[in-house]
Every structure is written in structure tokens, then in C-alpha cells.
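**Q** With the sequences and hints as input, model every part of the structure.
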Amino acid sequence: MAHLIPFPLILLQSLTLLISIAIEAIIYQSKLNLSHKRSVEFSISMNLLSAIFLWAVFSIFLSFAPDPIKMRFMSYLLFSNLYDLNSFQANLSFLLMFLFLFMFVCLIEFKGLDILQALLLSSPDSSDSEQFLVNRINKALLKTDVSKASVIVLANICSNSVILLILLFKILPTYD
Amino acid sequence: MIKNLQALWNNLLPIQAYSWQSFFWTSLFSLVMAGLLTPIPRFILFCLAALFFIISMTWLCLKNNVPLTPWITSALICLALFLLVNIPSQALILLWLPLAGTIAAYPCFFDKFCHFHAPTIIERQKLVILLGTQILLSCLLQVNFLMQNWLDQYPSLLVDDFSRSVFVVKWQVTPRIDPQGLLLLDTMGELLQRTLGGKNWTETGEWLRGAVHPRENEEQSDSLGALRQEAIAKLENRLNPLAEYPFWAITIQVSEQPNLYLVTLLADWTGPRSERSREQNPYLCEMICQVEPSIQGVSTNCQRARRNSLPPG
Chain A
1 MAHLIPFPLI LLQSLTLLIS IAIEAIIYQS KLNLSHKRSV EFSISMNLLS AIFLWAVFSI
61 FLSFAPDPIK MRFMSYLLFS NLYDLNSFQA NLSFLLMFLF LFMFVCLIEF KGLDILQALL
121 LSSPDSSDSE QFLVNRINKA LLKTDVSKAS VIVLANICSN SVILLILLFK ILPTYD
Chain B
1 MIKNLQALWN NLLPIQAYSW QSFFWTSLFS LVMAGLLTPI PRFILFCLAA LFFIISMTWL
61 CLKNNVPLTP WITSALICLA LFLLVNIPSQ ALILLWLPLA GTIAAYPCFF DKFCHFHAPT
121 IIERQKLVIL LGTQILLSCL LQVNFLMQNW LDQYPSLLVD DFSRSVFVVK WQVTPRIDPQ
181 GLLLLDTMGE LLQRTLGGKN WTETGEWLRG AVHPRENEEQ SDSLGALRQE AIAKLENRLN
241 PLAEYPFWAI TIQVSEQPNL YLVTLLADWT GPRSERSREQ NPYLCEMICQ VEPSIQGVST
301 NCQRARRNSL PPG
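Residue numbers (UniProt numbering), protein chains in the order written: chain A, 1 to 176; chain B, 1 to 313.
Any given hint could be a false lead.
[To be verified] Derived SDA-like pairs: lysine to any residue, alpha-carbon spacing no greater than 20 Å straight-line:
| id | chain 1 | residue 1 | chain 2 | residue 2 |
| --- | --- | --- | --- | --- |
| 1 | B | Lys126 | A | Leu119 |
| 2 | A | Lys148 | A | Leu34 |
| 3 | A | Lys70 | B | Gly271 |
| 4 | A | Lys70 | B | Lys234 |
| 5 | A | Lys148 | A | Leu120 |
| 6 | B | Lys234 | B | Asn144 |
| 7 | B | Lys126 | A | Leu120 |
| 8 | A | Lys70 | A | Ser80 |
| 9 | A | Lys31 | A | Lys148 |
| 10 | B | Lys170 | A | Asn138 |
| 11 | A | Lys170 | B | Phe162 |
[What the hints assert, rightly or not] Rough simulated footprint, nothing fancy, chain B against chain A, three-plus residues with beta-carbon under 8 Å:
| id | region |
| --- | --- |
| 12 | 56 to 63 |
| 13 | 75 to 82 |
| 14 | 109 to 120 |
| 15 | 144 to 150 |
For the record, the hints were derived by calculation from the structure and aren't laboratory data. All C-beta atoms in this analysis are idealised placements derived from N, C-alpha and C, irrespective of residue type, glycine included.
**A** Right under this line is the structure:
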């Protein structure tokens, strides 16, 4: 009897979360004029939100994906290689997947930050606050603030670059 | 001992009607009464007993300021759902942490008298982080279950080398794990004995040649492939159907000697595998059968299939 325990995966997830929380908090603080505490709180919330969305999308995708794609995910998670693909195809799929994930995370964090600001920043009008909260969330979902979006893209570029570097150090020794 | 029991009894006696002990005794009473009833009222009383028990235990924990009370309550709710409604345990383990987070959030929304109030801004931020961490932990548990489900479907993967895996570690309890290829070869051996038992020596030679070179003999079907399919069907009838069987490739080698065929069946894994397993193939299994003419026709003696650590030839 034997089991496979995704302990390194959990450690890696915690490490990437900690790194991106720290880096993004610094950028939010300097670019969005937030207080030190609030920027860390926002960064924690954003990163948790995007990680949850990524795992949810991964689970849903795997339940609908055709068998060959499932086998490739299985092969990558268990053996760190892509089953039945040559190295060019494998690298191309990594690149495409990374770009997709990056854009997805940016989108989630952008809308997440808008909603979180609507939810958490104190409103001057405290009466009828619930009605006001719903209105604020609706407004946050619909409006697009270009400068805020650029801050989030910048924060993600910085944090993802560092994470990629660390992942490379982790994954490189597995290539013979 | 008697003093301890007496102290426990004194603790369990309700001092007033509005106390955790009352709920505890009500749950016990419901449980006893449930035993006397027909199925449907019994189920309702079991549910009530579970509800009262959960309320009483939560109350007890809150009264004594036990840390992680919401997690204990959530675990009790999940246990009750498992015992009463028979929801799969994996789903309940995934539910446990988010439910605990929701229970922990309860005081932010309701006061002592169950009156709703909106959480303050500081509370809202804490709630977002609390629920976020709980759901993320649940997601990671889900990944663990996903891997266990893969192993249920592809148990032979456990013979592989995981020392270079980036994401998982192997925790092995038993010293030896056998690939499913062994079982497949053993079943094929039994079927081979049965198939060749009904043939004469000339037909046996033709069958074996057809198995080695299926394309050269167009009129006959692929006899080895048919044997493999039959063995898989037999295994699937006997055990749980596994998704890994199509990934086992079977090859046959026949060496012809005077009045004797030495048949070697090899099973190799064509599914996902580690780079290291290509050098020292832990999946490769082999079985040697001796086919010779006898008074009844043809006799086939197969050894038990065994692991072969040599690379495929």
C-alpha cells in the first residue's frame, strides 16, 4: 500500500502566495496610496482570491477535459513531464498556459480589488448602508479604471517573475 | 474512578433549563425514542438527536472557551451528515473547512439574540481573509483527493520512481508494490492454456505464428490482441474496472524447438511515466509458458508472471 501526498505542492503554493503577497503589497502601497496595513490586507485578499479561482478552474477543467489532456495534466503533476508530447510542443503549451494564467489572474485581481475597495473602504454616508453597498459593488463591477489596471498588471509582472525564477530553480534539476 | 464518574454525572445534570446539558439529554432522549419507532419517524428523530448533540457540544466548547470551536462544530456537522445522509466522505472533508469558516463568521453578522447587523469594516476584511484561507485549504485537499482518484484508476503508477517529482512525495507502507501487468499476464496465461488446449499441434503452431506476426496472416484476426481483450474483460468482471488496462501493451516472443514452443509474454506500460523509469523499467512484467504436444493434444505450462528489471529488448 502506498499513497501520493502533494506536500511539495502545498509548500510551493504557500511559498508563491507569500512572495506575491509581499511584492504586490509594496506596489499597491506605493502606487495606489494605501496605508501599509491596508495594502498588505488587500494583497492577501487578492492573492487568496486568484489562487482559489485558479484551483476552481483547474478542477472544473479537469472534470470536463478529454482523456488525452487529463493524462498530460496527470503526467505533469506526478512526474513533471508531459506525456506524449515532444519538447517543443511541451514548451509551447507551457508558454500558452502561463500567458493564459497570467491574464486570468490579472483580470480576477483587478475586479477583486474593485469589489474589495467597494466593500471595505468606509463610505461617508453611513445611513442606508446596505443599499449603498450593493450599489457600490455594482459600480465596481462595471467601471474600468485604467490606471488601477496598470498597477495590478505591474504588480503581477513583478511577483510572477520572481515566482517563475524560483520555480525554474526548483524544476531545472529535474531535467537530466 | 468513582469520584471522577460522580463529577462527570454532576456536570451532566442540567442546572437550569437553558443550558447545554438540557440539549445533551434531549439528544439522548431522541436517540432512545428513535429506537422504538418505524423507519421514517426514526430518521427524523435521529436528525433531531444529531442537531441537539451538535448544539450542546458547541455550547459546551463556547462556555469553556475551547479554541477552534467552529472547526469542531463543523466536523460534528459533517460527521452527522455522513452518518445520516450518507454523503461521500470526500465531499464532506472538502465541506469541513469552508463550513467552519462560515460558522466562525456567524458572530460578525448576528448578535446574542440572533439580530442581524452588518459587519464592521475591520470585520469584513478579516472575514474575507478567513473564508479565503479556508476555501484555499479546501482546494488543496481537493488536489489530494484528485491524486488519490488517479491512483485508484491507475494503481500501477505507484511502482514508478517519484524521487524527482516536483509536486508529490510517495508514502509507501508496504515494502513491495506490484503493477497490474502481473495480474493481466497471469490471466492471459490461464486463457492461453484454455485456448491452446482445444487445438492440435499444427493449429497451435499456426495460432502462435499469428500471434507473433498478426499482419502477415490477414485471414486470421490478431489472436494476441483478442486474448488481451478477453483477459481485460475477465479482470474487469472479477475486480473493479480500471482505466489503466488500455495502457498495457502486450508483446509475445516464441522460440521454436523440436516438439516444444517457449512462449514469452511481456507486458509493458505505455502511459505516463517518469524519465527515470525509462532506464530501469519498473513496469515491465514477463511470463514464460512452455507449450508441448501431449496425449490429450497440447499441454501448456505457464510460470507465474514476474517483474522484469531489464529494459525491453
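**Q** State for each hint whether it applies.
**A** Comparing the hints with the structure gives:
1. Only pairs whose Cα atoms come within 20 Å are accepted, and Lys126(B) paired with Leu119(A) is accepted, the gap being roughly 12 Å.
2. Taken as a hint, the Lys148(A) and Leu34(A) pair is honoured in the structure, with Cα atoms around 12 Å apart against an allowance of 20 Å.
3. Taking the CA atoms of Lys70(A) and Gly271(B), the gap is about 12 Å. The hint holds against a cut of 20 Å.
4. A hinted pair counts as satisfied when its Cα atoms are at most 20 Å apart, and Lys70(A) with Lys234(B) does not qualify at roughly 27 Å.
5. Between Lys148(A) and Leu120(A) the CA atoms are separated by roughly 17 Å; this keeps the pair inside 20 Å, and the hint holds.
6. A C-alpha spacing of about 31 Å is found between Lys234(B) and Asn144(B), which places the hinted pair above 20 Å, so the restraint is violated.
7. Restraint check for Lys126(B) and Leu120(A): satisfied, since their Cα atoms lie roughly 10 Å apart, inside the 20 Å limit.
8. Straight-line distance between C-alpha atoms of Lys70(A) and Ser80(A) comes to about 14 Å, which keeps the hinted pair within the 20 Å bound.
9. For the proposed pair Lys31(A) and Lys148(A), the alpha carbon gap of about 9 Å is at most 20 Å, so the pair holds.
10. Straight-line distance between C-alpha atoms of Lys170(B) and Asn138(A) comes to about 48 Å, which puts the hinted pair past the 20 Å bound.
11. For the hint linking Lys170(A) to Phe162(B), the alpha-carbon distance of about 15 Å falls within 20 Å, and the restraint holds.
12. Counting residues of the region 56 to 63 of chain A whose CB lies closer than 8 Å to any CB of chain B gives 3, which reaches the minimum of 3, so the coverage claim holds.
13. Using a Cβ-Cβ cut-off of 8 Å, 6 residues of the region 75 to 82 of chain A lie near chain B, which meets the minimum of three, so the contact claim holds.
14. Only when three residues or more bring their CB closer than 8 Å to a CB of chain B does the claim for the region 109 to 120 of chain A stand; here the count is 3, and the claim holds.
15. A stretch counts as covered by a chain when three or more of its residues have a beta carbon under 8 Å from one of that chain; for the region 144 to 150 of chain A and chain B the count is 0, and the coverage is violated.
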